[in-house]
Amino acid sequence: MTFRIGPRTSQIIAYIILLLMTIITIIVLFFIIGYVFKNGFAQLSLEFLTDRTREMGKEGGILPSIIGTLFVTVLAVIIATPLGVGSAVYLVEYTRGGLLRRIISFGADCLAGVPSIIFGLFGFIFFVIQLKLGWSILSGSLTLAVMIIPTIIRTSEEAIKAVPLSYREISYSLGGGKLDTIWKVVLPTSLPGILTGVILGIGRAIGETAAVIFTAGSSLGMPTSVFSSTRTLAVHFYILAREGISMEKAYGTATVLIIIILFVNFVAYRLMHRFMERYY
Amino acid sequence: MKDKIAEKLLLFIAFSAIGSLLLITFFIFQQGIPLIFKIGLSNFFSMHWSPTRGQFGILSMIIGSLMVTVGALIVGIPFGLACAIYLAEFSSKMVQKTLKPIIELLAGIPSVVYGFIGIVILVPFIRTHFGGPGFSVLASSIILGIMILPTIVSISYDSLVAVPNTYREGSYALGATKWQTVVKLLIPAARSGIVAGIILGMGRAIGETMAVIMVAGNALKIPHSILDSVRTLTSTIALELGYATGDHRAALFACGAFLFIIITILNIIAIRVTGHRE
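Chains as they are written, first to last, in my numbering: chain D, 2 to 281; chain H, -3 to 274.
The following block holds chain H by itself, in its conformation from the complex (with noise of 0.2 Å):
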């Protein structure tokens, strides 16, 4: 009787994150699609954001958004990659056991103390060696690069890690040397893992608002360099949300709406290139 009772709790229990899921789904979309409907999609999708005139078009965020994430990702894949590749491959055990907790315990820093290293240092030496206002697509690129490494990284390491050590002795056995065997066998090997891991450091990327923010500039145009300042959907979110009302507010929340569906995208291939859990 209390064994029937308990699991039929935990059942209910364990609907909570999906739950959670269905519950913030629905409120962001309750909030934001109706505004997508009265001012239609052209206006929508449109370059004009002027909430004050009911000019809800958010296509500069979208590609500013997506400049942001690209130079993030050309920061993020090599050096993630190669420290991945390095400490599978190349290092000692010792080295692996230094090195791969510390950089797991550096993604737990919080975004807004890379945001502010950016406005300190980064934005200041942009400004200074390569012009404009300092606060740019580059600075952004480079804090998201930053950022997102944890997340490739890791999940890059694990992959290659996991690849069966037949593989590389049957390699080594036909002459190959160890770079060979990393570039023609374990790399294929590993892909899905490490495309996983790309995947999630987009996200990462796409998602992230505080160090945006702090770095981007946030000016309503599309740039034209990347010295040029930027602003994405999550900062136009974050920096009107606090006084949005009306219109504006539910032009938010189909800003948020938006960036969901993008990120959930995102999620479900990273779930299905891993197999996650089965």
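For reference, chain D alone in the conformation it holds in the complex (with noise of 0.2 Å):
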């Protein structure tokens, strides 16, 4: 004789276990974070926020990669967002499905799921050596450029379809050309969306190792121009923590970093929520 359970009980039981998992999965989720801010925040001070790094990391502040962490992200921004954003205008708005329109959205999908190890190997042959610009900021920020493209151009896609088609059409009965209709009224409409995705791309700019520490390098000296070698936090911390120099400033480290990425990602999401309850 086999014992069935009835389907009222299967679905009391199952929800309890879904919910438990649940539950689980979110305590985890926020006891990571709340682990490194509870030790990291005794850590943060004004000087260990403007102060130069010294004796490897085991004294001193963090403000080198801070600059370097900026320097990287910020002209990595700069090169993959119009390249983005035009890969996106030219998907929506060139392209009537059709071959070229498959090859593109292909070449950015692969893109995106290509890992960072892979970026910084390549990173390292070609920006590094073969470019020969050295470990630098250069190097490094072309090398995030390249890995962000694909976010920005699938947020920026979403965001240009979301402007309405009659937006088009008015201005083309006013007259207007189709790139005066694309940078007078696609382009400033969907804004915020290709924000979003420009930010989300900083984001995981700001949070990236393994494709910086072989194209940025790791040095610990104040950045003086896009030629010079710089350790982003990202690396610093992993430096930090790996070789044990001190868990202490590994701690800061980390919660200066969670808190900037926490809040890129925020405002990401904002502006994502406000500009889908508008147009969607």
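These aren't lab readings, by the way, just hints derived from the structure by calculation.
Be aware that a few hints might be false.
EDC-like mimics (lysine to aspartate or glutamate), calculated; alpha carbons at most 20 Å apart, straight line [as the list claims (entries may be wrong)]:
hint, chain 1, residue 1, chain 2, residue 2
1, H, Lys89, H, Asp(-1)
2, D, Lys185, H, Asp243
3, H, Lys0, D, Asp52
4, H, Lys4, D, Asp181
5, D, Lys179, H, Glu3
Chain H is nowhere near these chain D residues, computed Cβ spacing over 10 Å in every case [as the list claims (entries may be wrong)]:
hint, residue
6, Phe49
7, Val78
8, Pro165
9, Val227
10, Ser229
If you want a taste of the chain H side facing chain D, the calculated C-beta under 8 Å gives, among others [claimed, not checked]:
hint, residue
11, Asp(-1)
12, Ser12
13, Ile20
14, Phe23
15, Leu235
16, Glu236
17, Tyr239
Quick reminder that beta carbons are idealized off the backbone N, C-alpha and C, glycines included.
Dock the two chains into a complex; use the hints.
Below you can see the structure in the form of structure tokens.
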């Protein structure tokens, strides 16, 4: 004789299990951030944020890494944004299905799935060695730019698609050309959505380690030009933690890193949310 | 005239993604593949990785990568699917609206942070409670499993929500419970999205580098149990690229080429399964 559980009972059991697993997941995720913050907040001080790094990170602050991260990220975004937004404009406004569109989309989708260590290898051999840019802010940001192009393409594409067709028709009926319509109607309307993509790209660039450690290097000096080597926050944190240089400083650096990234992603989320409410 | 130039320029820009992909493929292969021919496939797929003696066998790392990836899926799939099903079918709009963005925000946490948590909490925990060095297949699997959760939750959730409501109504009208509807109707209907989420998560686990280096122990031998140290393809590249020269560096690119092929195949399957964008 087999024992069968009725549908009502199995429904209740399933519900409880699903709820428990969801709660565990959320707790784990919060625990990770909470644990870093709990140990890291004590390390934060004005001095930590504005002092040079001394004795490989055992003493002093993280100012060179903050500035290095800023340079690398800003430069990456400056390079990637026109390429990503341009691609998205072309995809939505100039292609009507067809092979060309499929090829371009496929390229973006595949590039999005490439792991960061592959970007690291590529940036190392292409930018650092072949183009002789050395370990530098420029090599790092070019590598990151390639990495975040798909994020910007995908988000901008959705945003541009969401602009109602009637907007374009009104522009054409007033005698606007295609380029004018894109420049004066489509892009301004989809701007919040496009910005979301750019900001998500910023978040990805700031948190990246494997792709920048072999392209921007890990020099602790204060960067002076785009040809200086630098150590971004994520790389500095990685080296502090892995080589056991200073756990206190590692917690402090991680806290700064997480706060920046949560803030950046939160801004991106809010922007997208407001944009979606307006056009979907 | 201006419109024509703009269109040509945009077309050129639009090839930036696929162009970069080709450039990456070219350079990784150009650096790595000649070495494979030089040393022969049997050396490349052997067990012995000893760069100073000209032995570049990556088999133990392939097995290492495979073990931690399977481990990550064992941890990530049940929890990821449970979250997705709970959020999509069993929770109120309020809960959905709060938890979904939180899980997605957490996808942005850098991988080094996960690795760090592994070092300070998970590794000591495994060492004291299960034995072994702590740096292990188990630690890597758990950390990677957590890291791929947001990918699995997000894509599975979207495909569950995309199942038309008429399916649910029809099922309830026949007297089925919510759980029966989920198992018999919604999961099969959302299958392709769920599979795509899992494949993308798998790609992320295989390709993850920094978090794995920090918790895997990186010993160059095939682990006998899940408590043993393990070395993956990605960690070998990252650990040795800094000082490798000549054939050794080429061998790391060959590792990269192998990894790149595997990941690209996974990506293509995921894109195919969802019929993305079209």
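So, going through the hints one by one against the coordinates:
Annotation: proposed proximity of lysine 89 of chain H to aspartate -1 of chain H is violated, straight-line Cα distance about 46 Å (limit 20 Å). Between lysine 185 of chain D and aspartate 243 of chain H the alpha-carbon distance is near 55 Å, which puts this suggested pair outside the 20 Å criterion. With a C-alpha separation of about 53 Å, the suggested pair lysine 0 of chain H and aspartate 52 of chain D falls outside the 20 Å cut-off, and the hint is violated. A threshold of 20 Å between alpha carbons decides the hint, and for lysine 4 of chain H with aspartate 181 of chain D the separation of about 16 Å falls inside it, so the pair holds.
A distance of roughly 10 Å separates the Cα atoms of lysine 179 of chain D and glutamate 3 of chain H; the hinted pair therefore holds under the 20 Å criterion. Look at phenylalanine 49 of chain D: its CB is around 18 Å from the nearest CB on chain H, clear of 10 Å, so calling it non-interface holds up. Valine 78 of chain D, annotated as away from the interface, keeps every beta carbon of chain H farther than 10 Å; the closest lies near 14 Å. No beta-carbon of chain H is positioned within 10 Å of the beta-carbon of proline 165 of chain D; the least distance is around 20 Å.
At roughly 20 Å, the least C-beta separation between valine 227 of chain D and chain H is larger than 10 Å, which holds for a residue marked as non-interface. The Cβ of serine 229 of chain D sits about 19 Å from the closest Cβ of chain H, beyond the 10 Å cut-off, so the non-interface label holds. The interface hint given for aspartate -1 of chain H holds, since its Cβ lies 5 Å from the closest Cβ of chain D, which is under the 8 Å cut-off. Checking serine 12 of chain H against chain D: minimum C-beta separation of about 4 Å stays under 8 Å; hint holds.
Interface hint at isoleucine 20 of chain H: satisfied, since its Cβ lies 5 Å from the closest Cβ of chain D, which is below the 8 Å cut-off. A distance limit of 8 Å between C-beta atoms decides the matter here; for phenylalanine 23 of chain H the minimum to chain D is near 5 Å, and the interface restraint holds. A distance limit of 8 Å between C-beta atoms decides the matter here; for leucine 235 of chain H the minimum to chain D is near 10 Å, and the interface restraint is violated. With a least beta-carbon distance of about 11 Å to chain D, the hint placing glutamate 236 of chain H at the interface is violated under the 8 Å criterion.
Hint status for tyrosine 239 of chain H: violated, given a least beta-carbon distance of 12 Å to chain D, over 8 Å.
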